[in-house]
Each structure stands twice: as C-alpha cells, then as structure tokens.
Amino acid sequence: MRRLNPTAIALLAGALVLLLLIYVFAGITRSNTDKLTDEQVAARAASDPETRCGAQGTYDLIKRELFRRAAELRGSNQAAFNQLAGYSVVRMDAPMLKSHDEDIGTITCTGSLALDLPPGVAVVGGRRTLTANVGYAIQPAADGSGDVLTLSNADGVVTPLATLARVGTAEGDPLAPDTPEPGEDPLTAEPEPIVSEPAEPSPPAAAPSPAPAASANPSFNCRLARSRGEIAVCNDAGLAALDRQMASHFNRSMSQASSSERALLERTRGRFIAYRDSCRSDSCIADAYRGRITEIGDIMAGRWRSR
Amino acid sequence: MSEEPAPPLRDDATPVLRTRDLHRSFTQADVTIEVLRGVDIEVRPGEIVALLGPSGSGKSTLLQAVGLLEGGFKGSIRIVGREAAELDDDARTELRREALGFVYQFHHLLPDFNARENVMLPLMIRGAETDEARTRADRLLSALGLGARLEHRPSKLSGGEQQRVAVARALANRPPLVLADEPTGNLDEATADIVFGEFLNLVRGEGSAALVATHNERIAAKMDRVLRLHDGRLE
Numbered sequence: 001m002r003r004l005n006p007t008a009i010a011l012l013a014g015a016l017v018l019l020l021l022i023y024v025f026a027g028i029t030r031s032n033t034d035k036l037t038d039e040q041v042a043a044r045a046a047s048d049p050e051t052r053c054g055a056q057g058t059y060d061l062i063k064r065e066l067f068r069r070a071a072e073l074r075g076s077n078q079a080a081f082n083q084l085a086g087y088s089v090v091r092m093d094a095p096m097l098k099s100h101d102e103d104i105g106t107i108t109c110t111g112s113l114a115l116d117l118p119p120g121v122a123v124v125g126g127r128r129t130l131t132a133n134v135g136y137a138i139q140p141a142a143d144g145s146g147d148v149l150t151l152s153n154a155d156g157v158v159t160p161l162a163t164l165a166r167v168g169t170a171e172g173d174p175l176a177p178d179t180p181e182p183g184e185d186p187l188t189a190e191p192e193p194i195v196s197e198p199a200e201p202s203p204p205a206a207a208p209s210p211a212p213a214a215s216a217n218p219s220f221n222c223r224l225a226r227s228r229g230e231i232a233v234c235n236d237a238g239l240a241a242l243d244r245q246m247a248s249h250f251n252r253s254m255s256q257a258s259s260s261e262r263a264l265l266e267r268t269r270g271r272f273i274a275y276r277d278s279c280r281s282d283s284c285i286a287d288a289y290r291g292r293i294t295e296i297g298d299i300m301a302g303r304w305r306s307r
Numbered sequence: 001m002s003e004e005p006a007p008p009l010r011d012d013a014t015p016v017l018r019t020r021d022l023h024r025s026f027t028q029a030d031v032t033i034e035v036l037r038g039v040d041i042e043v044r045p046g047e048i049v050a051l052l053g054p055s056g057s058g059k060s061t062l063l064q065a066v067g068l069l070e071g072g073f074k075g076s077i078r079i080v081g082r083e084a085a086e087l088d089d090d091a092r093t094e095l096r097r098e099a100l101g102f103v104y105q106f107h108h109l110l111p112d113f114n115a116r117e118n119v120m121l122p123l124m125i126r127g128a129e130t131d132e133a134r135t136r137a138d139r140l141l142s143a144l145g146l147g148a149r150l151e152h153r154p155s156k157l158s159g160g161e162q163q164r165v166a167v168a169r170a171l172a173n174r175p176p177l178v179l180a181d182e183p184t185g186n187l188d189e190a191t192a193d194i195v196f197g198e199f200l201n202l203v204r205g206e207g208s209a210a211l212v213a214t215h216n217e218r219i220a221a222k223m224d225r226v227l228r229l230h231d232g233r234l235e
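As you go down the protein sequences, you meet chains S and G in turn. Numbered according to the numbering used here, the first sequence spans residues 1 to 307. Numbered according to the numbering used here, the second sequence spans residues 1 to 235.
Only chain G is shown next, with the shape it has when bound in the complex:
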C-alpha cells in the first residue's frame, strides 16, 4: 500500500485571520495620509506568513489593526471567524486574550518578574492554576534553550534571551494566531537568525499560525508564504 501524502491545508478551513478591504488613514496638519488602501489578507490555521515591506509601508499599522489594538479602520477584520466590528470592548479584549499572541521588536517584559513568571502571566490571566502555568512556562522556555535561566530577571538576560522569553510568553496560551512585528529587529544578524529559527520551530510545534512583519527578505524567505506590502497595498 502506498503511503498517503500529507493532506494539504483544507481550503474550507476557517481562516484564523481574514481582512477585507481594510483601510486606514491619518490626518495631520490638514494633510491626510492613507496608510492602508484596501488590504485583503487570509492566514489559515498553522500557516506562517511573512508581511514584507519597507519602513513606512504600513506593516505595523496592519498588525495594530488585526491585533485589535486600535480602532479607526474601515473594512472587515475576522479573527478565528469573529468579526471585530461586531464586538464590544469586553468581547474584543476577550478575543485578543484568547486568540492572539504578540511579539514585538522590543520585548516589553515586566522587569520585576523573572523569565518564568513573565511567561506565566498570560496563562494565569486566563485562569490557569499556578502549577499548570509553571509547568507550561518551563517547557516553553526550555524548548528555547532557557532552562537554566528560568529565574533570571530580564535585566540579567541578553537581548536574544529576552526576546526568547517574549516568544514563549506569546505562545503560552497556544493562540491560534501569533502576530510578530520585526521580532528579531533589535538583535544582531547572527542572533536574529538563531532566535527566528527557534521562533518558527516553536510556532510550528505548537500548531499556531503567524503573521510576521519584517523588512528582511532573508527572514521572509523562511516562512510559508510572503505577502508584499507597498504603499499601503498588497502587491
């Protein structure tokens, strides 16, 4: 009997992210700048997608939008099938907490808490018991090579280690979608390659999808698909 090939991503699977005709503009000193000009995106479960574009192309604005971090957009954003425009503030916060993980260029770890505690935070906010949260945090940090640094505060970690902790924190709740904005943009090239490789392995291992904004072609080429954003439009 011949071996069955791995099934492709189901075409009818609910996208973890879908935007339709997404617009965003800013007005400053009576001048209106259109940052996003009708962006349609779909990210399917488990898919890792690069959002590639130069500085000022609208990458961060797009991530802010799909991360439900701000309003003021025109168009449709659906996260795990839920239309953001139809949600009130509480439901929006809940969706962000349950369905999304965030990794930024700067780690934003809480300085008074050690690496393990920083990763436990989102788990316990969701109601996980302390033991369960600690086990999960230790497993994620160990997978990122930080098994010996669990009780170090951020100030005692290197830049690469801090960013690994931020990656573990983003994946702690097994979000269907991770949004990453230049996740290794603050690291030197060699460290960035290592940390990004670990990020990809962990996202794939956890079965999450990811939308990763970057201006780096080499980093983008490591992902499943590349979307090119230029002047507020996808090419």
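The shape of chain S in the complex, shown without the other chains:
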C-alpha cells in the first residue's frame, strides 16, 4: 500500500481546519441576524405595556406630578419643589397593567408607590418616606411632546408632601448650594395673610348684582392640558361644561361616599380618562362624559356593575 505524503496530510489537515473556521464564523453571522440590536431591545421594552407600567420614565413623570401638585397645594414656588424632586426617588411595588389601548398607546396601571425624600428635608411627623396605592395612566401627548400622566388616589402622598420643610443643614445637604435668600425660601416663608376688601353695601333686593357669565373653563387647568381629550375639552365650551358637571358630580359623590364607594369612584376614574382620551371626535368625548356621569350615579346608588 502506498504511503501518504506528509505534505499532502498537512494540506488536508489545513483544509479541514479552514472549513471548520468558515463554518463556525458563518454560524455566528447567521445567529446574529436573529438577534435584536441594543436599540431594538430598548424600543421593544419601551413599547411593551407591562414594561411601561414599571419604567423609570414613568416613575419620573409620577414624581414630577406629585411635586407639582404639592407645590400647588402649598401655594409655593414650583421651582423649589422641582429642585427637591430631582433629589427624591419614586419606587413602585407590584406595578400592574390594568388596561391597554393599542390604538392610541394608552396604558392604565396600578401600584404601591413609595416616595423617598432626600436628607435635610422631611414632612409632617419627620417622615421622609410617603406611600399610597395609586392608579396612573400614560398616554402619548397629542402634540407629540412626550407622554401625559394621569395620577389618581395620590392624596396620601401629595397632602403631606405639601408640608415639606428643612430639618437641618447637614453638610452635603443637596439643597444647600441653591438655598435662596431669607424670605425667598418657599419652604419657610410665611404666607401673606388674606386681607378683606372694604365692606360693600348690600345691593337692594329688587336689583341684585348681575350674574357674571358662566365660565367656559373646564374643571382642570387648561394651561396644563396635553392629552388629546384635555385639549379637545379646553377648545369647546360645551365639552368644558360637561367636564365641570362631571367633576362636580364626582366631587360631591366623593364627599358623601363610603370607603368602598370612594375606592370604586377612584378605580373607574382612570378608565374613563383613558376612554375619553382615545376619542377621535367631540361627540365621542361628550358621550364619554355622559357615560361617566351615569356611572358615578350608579356607583353611589349601588347599581354599578363591572363591564
């Protein structure tokens, strides 16, 4: 039998190794075509409704809204509260998706919120952590400027947050570098007292003061309107009137409701807002308001049934 030439053996072995390497690299390339890029992964996570409920961006929106409402309640400088918001942390236990409208990208979620305040400030009772079981809905702004948040059942955080005060000036206090001048600090300044106007003579009974025209404004502040539904309501006096009517009905019911009715009124609120904001026409929004008014009445009369 003829013996193989060592050179031929080496050439054969080299060819085999080369084939193997080609196979391995080709396989890697094929597998990479099945994988998402980092950008694709991020985009998919951002659009996943479950993920959006627990996304950091959502928590940042919630935090800003909590501090905005607290500043409004306090009647204080929004900038000081914004500054503190930057040093505070929102955590959410068990964020849960309750509903998702794929057409307009609205999600409605619930969760157990905890707001941790930075060192150097505290609320009534010296607390630095506030908690509440909240509902929240996220919807893309009609003008494409980002997401719009609707937050409900947050009074347990907002009201005490409005009592925010400094509790010391420890070194490293995050507020220290930008501490305003005395008298300008919105967290320590005394509010101006209400000064009564001089007494006016009562008008004669036969000629009462003329009633001013009814306001065309809805129950919320149109300067802050961003969702499709809010903008539509702010642009239509009839819808604004329906909004005021619904808000009046809601507030009155909340003041008279049992705890279970209050919880139900809160729970159904997010769904109504999500529905209203999904409307493409004013008549749809009007129907949403009428339905909500009926729903509130049903809740208070014990007739409400989950649909």
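Source of the hints: derived by calculation from the structure; they are not laboratory data. Treat the hints with care, as some may be off.
[As the list claims (entries may be wrong)] Here are some, though not all, of the chain G residues that point toward chain S, as calculated from beta-carbon distances under 10 Å:
hint: 1; residue: Gln28
hint: 2; residue: Gln64
hint: 3; residue: Thr93
hint: 4; residue: Phe106
hint: 5; residue: Asp112
hint: 6; residue: Phe113
hint: 7; residue: Met124
hint: 8; residue: Glu129
hint: 9; residue: Thr130
hint: 10; residue: Gly160
hint: 11; residue: Glu182
[Said to hold, decoys possible] Cβ-to-Cβ under 8 Å is the rule here; a few derived chain G residues that face chain S:
hint: 12; residue: Thr61
hint: 13; residue: Leu68
hint: 14; residue: Glu70
hint: 15; residue: Gly72
hint: 16; residue: Asp90
hint: 17; residue: Leu121
hint: 18; residue: Asp138
hint: 19; residue: Glu189
Positions of the beta carbon are idealized from the N, C-alpha and C atoms, including for glycine.
Given chain S, work out where chain G should sit, using these hints.
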C-alpha cells in the same frame, strides 16, 4: 354706671360669605335639572348658620360652590370680601387654604398619620413651624377630649373621635369660615349630639363663622340662624 350690653354684630361688617343670585344646573341625558335657583346668602363674622333642607334640596351643591371646590356656577360668591369669579386658579386655591375650613360627613383623615399629624397638616401647608403646629394641634385635640389619643392613627379611633379630629383639622388655621356638610351625619344620635356640641363650642371659641348643612331640625336649632333650602331656593 350701668353695664353696657354686648354690642350686636356690626351691620356693616364685611360678610365672610355672600352669594348673590347663585344658580347651578346639571344636564343628564338631555334633561336639565336646576339644583340651585338664585340663592342669596350672607354669613357674618362669628355667626353660625344652619343650612337646613331635605336630601336633594341642593345643600351639598351649595357648599361645594361656596367652598370653591368646583366651577360651573352662575352668580356671585364673595369670600371674606373677595369675588371668586375674579380669581385665577392659584388665587382660588390660596383663598380656600387661607379662609376656609371643611368638615365632611366622612372624616377623610390620612390613614398613615396619627391624630396630631392630621391636624398639623393644614398648619404646615400654610408654613407653620413644626413646634408651633404641634402645639396648636395638641391644644385643639385636647379641647375636644382627645388629649390622650394624640398619637393614635384614625383606624384606632372611634367614629366620634375621628370626626373630632376632622373638626380640629378644619379649625387649625383659624379660618374665618368653616363649611360643614352633615358633620355628624355618620354618627349615632347620642354621639352626634356630643360631637356637634363640641364643634359649636370650638367654632365659637375660635371666633370663626360656620355654614352647616344638615337635614336635622334638632341640630339646626342649636345654631344662630337657620336658612331653609327647598328645591334649590331659600324659603
């Protein structure tokens, strides 16, 4: 020298509350219901006025209006001399915070905070120092017989005690006007009498005025004046 009689309420004193031709209607399923039909009210400083009427007569709607809690009204509302219709949202919030106290049928206390802290909340929101707020809260709660319950959370208090805390919270900032909507409506009759008596004493002691909605004639008779609301009109 004969003793001077106590001076009457000055006729020219600025009312803490004055409404003129107040209207409110609701439309539902194309049916419009007029809840308030031109209501004129005046409450003078220190005066405690009952707003008496059956359920559905418009009492709560009227309190919502004068409490600046909602819009949609026609007519004039002046609180401590300021015309509500002329105020923007911020000024309206400020007026509500500075001039009004609220007591509802249900206490609406924050469950995570104890009695003292619940009363301190409105004081600190107005900018009071912690020590000042604590002193004031303790004084009010003690006056209502809750001196030993200061650190109890609402869930550890009885219904009457919860409502006393709500009364103390409403009076914490010494508002010129307290608005109360069936403040003892959630309590049994005996407890309601006691709590309402304490409410009246505290309001008088603090020099505030009050407008109290009730459907109870017996409760109404304890106040300085009774306004009867029927079908959206004062009788």
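Status of each hint after checking the structure:
The interface hint given for Gln28(G) holds, since its Cβ lies 6 Å from the closest Cβ of chain S, which is under the 10 Å cut-off. A cut of 10 Å between beta carbons decides the hint on Gln64(G): the least distance to chain S is about 6 Å, and the hint holds. Using the Cβ-Cβ criterion of 10 Å, the hint placing Thr93(G) at the interface with chain S is satisfied: the shortest such distance is roughly 6 Å. A cut of 10 Å between beta carbons decides the hint on Phe106(G): the least distance to chain S is about 7 Å, and the hint holds.
For Asp112(G), the shortest C-beta to C-beta distance to chain S is roughly 6 Å, which falls under 10 Å, so the interface hint holds. For Phe113(G), the interface hint holds, the least distance from its beta-carbon to any beta-carbon of chain S being 6 Å, beneath 10 Å. For Met124(G), the shortest C-beta to C-beta distance to chain S is roughly 4 Å, which falls under 10 Å, so the interface hint holds. Taking 10 Å as the C-beta cut-off, the interface hint given for Glu129(G) holds, the closest approach to chain S being about 8 Å.
Because the smallest distance between the Cβ of Thr130(G) and any Cβ of chain S comes to about 7 Å, under 10 Å, the interface hint for this residue holds. Given the 10 Å rule on beta carbons, the hint for Gly160(G) is violated: about 17 Å separates it from the nearest Cβ of chain S. Because the smallest distance between the Cβ of Glu182(G) and any Cβ of chain S comes to about 8 Å, under 10 Å, the interface hint for this residue holds. Using the Cβ-Cβ criterion of 8 Å, the hint placing Thr61(G) at the interface with chain S is satisfied: the shortest such distance is roughly 7 Å.
A cut of 8 Å between beta carbons decides the hint on Leu68(G): the least distance to chain S is about 11 Å, and the hint is violated. For the restraint placing Glu70(G) at the interface with chain S, the shortest Cβ-Cβ distance is roughly 4 Å, inside the 8 Å limit, so the hint holds. Here the hint on Gly72(G) is kept, as its CB sits about 4 Å from the closest CB of chain S, short of 8 Å. Given hint, Asp90(G) at the interface with chain S, holds; its Cβ is 7 Å from that chain's nearest Cβ, closer than 8 Å.
Checking Leu121(G) against chain S: minimum C-beta separation of about 6 Å stays under 8 Å; hint holds. Hint status for Asp138(G): violated, given a least beta-carbon distance of 14 Å to chain S, over 8 Å. The beta carbon of Glu189(G) comes no nearer than 20 Å to any beta carbon in chain S, farther than 8 Å, and the hint placing it at the interface is violated.
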